[in-house]
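K.L.:
If you want the building blocks of each chain, they are given just below.
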Amino acid sequence: MNRREFLFHSGGGLGGVALAALLGADSARADGGVHHKPKAKRVVQLFMAGGASHVDLFDYKPELVKRHGQVANFGEHVEAFQNGLGPWLKPLWEFKAYGKSGKMISETVSPLGDVIDEMAFVHNVIGKTGVHSQGTLLQTTGFNRPGFPGMGCWVSYGLGTLNANLPAFVVLPDHRGLASNGTKNWDSAFLAAQHQGVAIYPGTKTPVEDLFPDERAKFVTPASDKAAIDLLTQLNREHATARPGDARLEARIKSYELAANMQLAAPEALDISKETKETLKLYGLDHGKGTFDKDINPVEEADHFGRKCLVARRLLERGVRFVQIWSGNDNGFPRRNWDSHEDVKRDHGPLAYGMARGAAALIADLKRTGLLEDTIVLWTTEFGRMPSSQGGKGRDHNPYCFTNWLAGGGIKGGVTYGPSDDFGYKPADRKNPTEVYDIHATILYLLGINHTKLTVRNNGIDRRLTDVHGHVINDLIR
Amino acid sequence: MLVRLPPLALALLALPTAHGENPKPIDFARDVKPIFAAHCVSCHGAEKQRAGLRLDRRAEALKGGDTGPAFVPGKPAESLIYKLVTHADADQRMPPKKPALGAAEVNTLREWIAQGAKWPDDGSAAANPADWWSFKPVARAAVPAGAHPVDHFVRAKLKEKGLAPSPEADKRTLIRRLYFDLIGLPPTAEEVEAFEKDARANAYELLVDKLLASPQYGERWARHWLDVVHFGETHGYDKDKPRPNAWPYRDYVIRALNADKPYARFLQEQIAGDVLFPGTVDGIEALGFLAAGPWDFIGHAEVPESKIDGKVARHLDRDDFVSNTMGTFVGLTVHCAQCHNHKFDPISQEDYYKLQAVFAAIDRTDKIYDADPKTAARRAELEAQKRGANERIAALSAKARATAGAELAALETQLAEATKPASAPKPAEFGYHSLIAPTADLTKWVQIDLQDSQQIERVLLKPCDDDFNNIGAGFGFPVRFKIEVSDDAGFKTATVIADETATDFPRPGMTAYASAKGAKGRYVRVTATKLAPRQNDFIFALAELEALDATGKNLARGKPVSALDSIEAGPRWRKSNLTDGLAAPGPKLSAPELAKLTERRDSLMNKALGATGAADIAAARKAANDAESELGKLAGARRTAYIGAVHTGGGNFVGTGGKGGEPRPIHLLARGDVTKPLTEVQPGAITALPGVKGTFTLPATHAEGERRAALAKWITDANHPLTYRVMANRVWQYHFGRGIVDTPNDFGKMGQLPTHPELLDYLAAELRDHQSVKRLHKLILTSATYKQQSTSIAANAKVDGDNRCMWRQNRRKLEAEAVRDSILSVAGKLDLTAGGPSFQDFVVEKPEHSPHYQYHLYDPEDAKAHRRAVYRFVVRSKQQPFMAALDCADPSLAVEKRNETQTPQQALALLNNRLALAMAKHFAARAEQLGTTDAERVSAALRLALGRAPTVAERDALTKYAREHGLANACRVILNLNEFVFVD
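Order-wise, the sequence lines are chains A and B. Going by the working numbering, 413 is the number at position 413 of the first sequence; the sequence numbering is gapless. Going by the working numbering, 1096 is the number at position 96 of the second sequence; the sequence numbering is gapless.
No lab work stands behind these hints: they were computed from the structure. Yeah, the Cβ is synthetic: ideal placement off N, Cα and C, and Gly gets one too. Please note that the accuracy of each hint is not assured.
Stated by the list, open to error - Just some of the chain A residues that point at chain B, by a computed CB distance under 10 Å:
| hint | residue |
| --- | --- |
| 1 | Gly-182 |
| 2 | Ile-253 |
| 3 | Glu-257 |
Extracted from the complex, chain A is given alone in its bound form (with noise of 0.2 Å):
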């Protein structure tokens, strides 16, 4: 049991929890792994709500453009989610070649083309059933069902936190609403508290929940606010004095000047006014437009999503260890999410320009200020679209296959591994397809945690982000 295990474990109340929230950054290394010398410290997940499609974005299939429009033959039963599989539909857009690697991918994912060598691409995940809660669930957690951290509170769990004035997970939801299963997909489950992810929205009146006093108490002013800190450090202190021994006393005195500290770091980090002109057109907020059409367009989204990765940026720069930026909303109608089943153009067109448009940018300034080195960029989503139509112009469910990439923090660049076969319906190979416990494997190993290592003990259990799966993919590391 290491010391970690040992202050959860002998907390359950009693003080062990509370000392681990007191030491913050307690990694069991010097070099800031657990188990080996780390490549990266930070991660940025991007998920893509609702299931992006591969074969239009990022899995090229030149069988699909020949055979457009004839009948689907999968040479074998197809379980659809929703039944009336259509025609081989081809890509709904063009695709062609970027950079060194030479990477075919599609027009409408184009500014990623400018940083495509920095990108390593698996074209072979497999999720495990075509339901959109289980999906997003099995993508962010490792399982299917609710009740376990996401993986942002795993990682904060093992590494804890670079900086204690700001959350160690970060949660920036989609503007328009939560995804399938709302906070589920970062929650803390079984961790304590401090590892949960903190949902955050840039630019809106309360950014952060409960940051400043409530509105509506016109009695709060900034110099009451401070006095009442120092006025609680006080009468605490003399109350922890009177018992000793009792490490959560002083835990949460400390913790009142961590919540002040956070009032000062949170807003400094999200603040994006002193950007350069640059910098904001790198992410596509040059447009000067102070609306935006009612109907979901390309501008928008690249906007939307452009804001939230120059703030991740931002918080990785501070210290922030894991930032998790969501696109798309749950499954309402008018779509604001990628699950297209009656339209690919309308719905991913602006959408896949808008995260690529953000993507790229994040990438690029990544690589600018010299993070890129020890972050990693995950992109993923619940499941991919099946290479056949639904009702001409959208897609079904496709868990059988989809895409996810990854780059930068040790990410070997300008790789793509794991093909998917022809149509891009299923893995080339079927016996070795990629599982989400892989990718985390590989971003855990990256971090420097072995992850049949990293676990902890719940109803019986010793719980894992990957369960009793996962292989680090050697080939995804430089």
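Chain A is already provided as a structure; the job is to place chain B on it using the hints.
P.N.:
Just chain B, lined up with the frame of chain A:
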């Protein structure tokens, strides 16, 4: 894993061995074990047992895996393990995806098998997984006369460790401790003072009795129970739909605890109350236990059971029933036996699926029932009357058919066809729905604006069909009403074209109502003068209004609708639905046509039956109609609870109700994979647990409930080694902050050992023999161990820093609910109203699709939310941020023990949250009245919050702060004090 032997491997085997005819003896431990350890055990060992095989322990290795023995002593060529490691096809070869074994290793393995595969005894065969402390019978050790049992066992341990117990805490500390522990609220300053002054010898005991008898006791302890059973009021997963009828279970738990219901009965009701205690409200509402956890709405409603995804969703759902039941009641992690036999505990994979079979018929569903037994009896009587009458009609009809000619047969077919429910799907747009009224006699209207004055021939009203409370066809159709036409939007003058206001109009089912005449006008208004009954309230709803002209054209289609009021919950209910052309399909014939056919049939039948028979059938028809109409009157008396039961409702999701609750067949699943079913299993419990018989003896034709009843009886068997230990441990845990077993949901081998096994057994025996949780509380609370000070003693801490030996009481941090309730309480705003639907401290946006639960839009001054936190509506997809910051239980997982953190987010929540600040202000207003100077007021505030007078230093510091920043700010500081959230 199935193996085909490739020709190449066979050829290899035929070759002479490298060692020829004189092989050197192989030593298993030296030569073979390292090979297994290096190549095999990572998948075939303690961690994983791929293909059911373990190669790290003799007993399991000799038994082999799913496909038979791993090796045949003396015959390498016939040994599966040898065939697999030498397989020519890299895809088939073991270990998979890894380099093959080296030639030397292969030789060693072959020689070892050839020499008889000798594996020295490693004791694994003798290891009995059932040999474990918690599986042994509960044994009550003797306690010397006069000694308190708790202290007797605790002191013995202290003595053993050379530790001295701590002195008794002072009375102020004790009363605060007891209040928070038993009712979760602070004592008032007066209560503290009275207790301090109470010199009676049994003052403490009397206080314990008083608190145990308080209605707030059940509220406090129900919350602990709800943590464990992961009670929530939305489904979770995608769309996170609300469960408006989940609260009766919460009230049941509170009620049961307050009544000190015998523990075995409390358990039995939650698993099979409907079967074991029929005709009781508790027997139904307790089943909310089974339905407490999350439910994958899309995986069930949009994906049928025939699809793999549908199977996965249902498998996960049953797993939740099994895990919740076994984790909560017997503290076993049976869900670990889903893919393989439990690695540590005596739970076979088959046991696990037998437990799934117990719940194979049920789903999570709204159950409608009568709370009043008299109403239930009346309903049963009427239903029997209806059934009897229908049987008489059927018998007489059969008789008539035998003598009547072909015309009767043809007519009956025609009628059956016309009244058969339509197979076309019901539109999602149900219709117009008024606001809900408390009484039937309110007048409500809805009207159409045809845009200009037109000649209307007649008006059709199409009834709604909703599943709500099984009212179904004709939902909300007014009992008395009229239809008017006018050119005045305000209907000051109007032509009445239909008047049904004099007598009750019988529920029309799905038959459309047609006005007898028409009139000219721009506006058509339907006025309900007596509303339709619902559960405890009244409404007015219509699916469609058609205004037909002479050619039969509907003039109202798409025209604007206005109404006195409307619930406007689109897409199902909104005004515009009234003219959208969408209505649930009704009967295929018009009412007059139907009446004509019926009349003709009746006359043919009467002729065939003769005068007496005709009179009989007429009387039977009248009896059936009377019963039906009386039943209609009872519709509003029913209650609904969300429980685990056979699902009979409509909608996309299909349960087992259509098959009369016949359980789904449950198969053992190879590695838990729904696409790999093995043998079908019968319901049962854990077979290897000593002392209780895990095999059920159920007749072949048993009802599904008998399965649950058998499980409930198995769990509550007085000989069950776990049931009473598990609960006694939970009760202890909530009194001391840590259980005697520190893993309350796992009493198996991966769980912690009890710190005081004899004490735990004594408490378990008390609970088993007296069945009283309150008696158990009192036993614990009256011990010197409980009454100890919580202050640490350096010398003791050196020996036992974690206080596992209980040399002091543990200082307790209050849970989210206790903090919230205390804030409301000291602010003078706590509303102690008990029971009923949960308060919602959020605003729901977009309810029609995926509800967004918006906590920040809620007004903290809204008194609806000032009730105790146990009555808060618990959402799964978005936890209440204030409560979550304070470590409240996550309803998506079984919370055996709360996490406890001191995070900056928690500080921010208590400092800045809207509710905390609103209450700080009320708190200040209250304190304002209690003094004339700032010093007096802050002193009063501190006394309200902490039950004590401030020290001089505290008073001065708070007074100075209040003078500068106001009393509200000072009260805000007090609510954030460590002493406010920690109880000594």
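K.L.:
Could you run down the list of hints and mark each one as holding or not?
P.N.:
The hints, checked one at a time:
no., hint, result
1, Gly-182, "holds (3 Å)"
2, Ile-253, "holds (7 Å)"
3, Glu-257, "holds (8 Å)"
Every hint from the earlier list agrees with this structure, and none is contradicted.
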